[in-house]
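Chain by chain, the residues run as shown.
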Amino acid sequence: QQPVQSPQAVILREGEDAVINCSSSKALYSVHWYRQKHGEAPVFLMILLKGGEQKGHEKISASFNEKKQQSSLYLTASQLSYSGTYFCGTEITNDYKLSFGAGTTVTVRA
Amino acid sequence: DTAVSQTPKYLVTQMGNDKSIKCEQNLGHDTMYWYKQDSKKFLKIMFSYNNKELIINETVPNRFSPKSPDKAHLNLHINSLELGDSAVYFCASSYGTSSPLHFGNGTRLTVT
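Here the protein sequences come in this chain order: V and G.
Note that the first sequence ends on residue 110 in my numbering; no numbers are left out.
Note that the second sequence ends on residue 1112 in my numbering; no numbers are left out.
Accuracy of the hints is not assured; some may be wrong.
[Claimed, not checked] Pairs of lysine-lysine residues, derived as DSBU-like cross-links and limited to a Cα-Cα distance of at most 35 Å, are as follows:
#1 V/50 to G/1052
#2 V/97 to G/1067
#3 V/26 to G/1044
#4 V/67 to G/1009
#5 G/1071 to V/97
#6 V/37 to G/1044
#7 G/1009 to G/1071
#8 V/26 to G/1071
#9 G/1019 to V/50
#10 G/1041 to V/50
#11 G/1041 to V/97
#12 V/68 to G/1041
None of these hints come from the bench; they were simulated from the model.
One chain only, chain V, in its complex shape:
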């Protein structure tokens, strides 16, 4: 079951903040976040497990709301290096199947 990401795209100026949402129609076992730059492979950012935890990676953090079956990725004080396509991946159970959303393209301009 593919998660739904929003927005599809966002354009930021350096220093601005953004939120990317990822929602599922089914209860989630875990949520992953990855970033892919043009012509490169997706790179792991963070994983959130059941329990509603929040994690951070430098000025990028994420939350996981089990009840709402959704996760949000927060880009704080964005830098040029944050540009890329962000994917959330979800596991419904611990069955090795990570399904990805359609991606959110983030463009950070100077």
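Assemble chain G onto chain V, guided by the hints.
Chain G only, in chain V's frame:
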């Protein structure tokens, strides 16, 4: 040292041909995957192997056949290539469920 390596990086071939993509990981992971990324960047899981055993086989045409000779290698063979097979194919590996995926650099397959 490259963690997950795929070969070739580019593959251009004609319809009807058969081709293979190889993948190797040196991370000691137990699980390996094949994902297909289409022109709209959608990443779709195709197969997953855990300790050489096939555990996920999504609705992929029979023309696609994965093979895992050992847990460090996962190859993908494609028979009778079609135009719609054109995409970037990513190999990935992980320790298992709820573990980060490490992706290879991808193989861009173009079928003409």
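Query - Which numbered hints fail - result: Violated hints: 4 and 9; rest satisfied.
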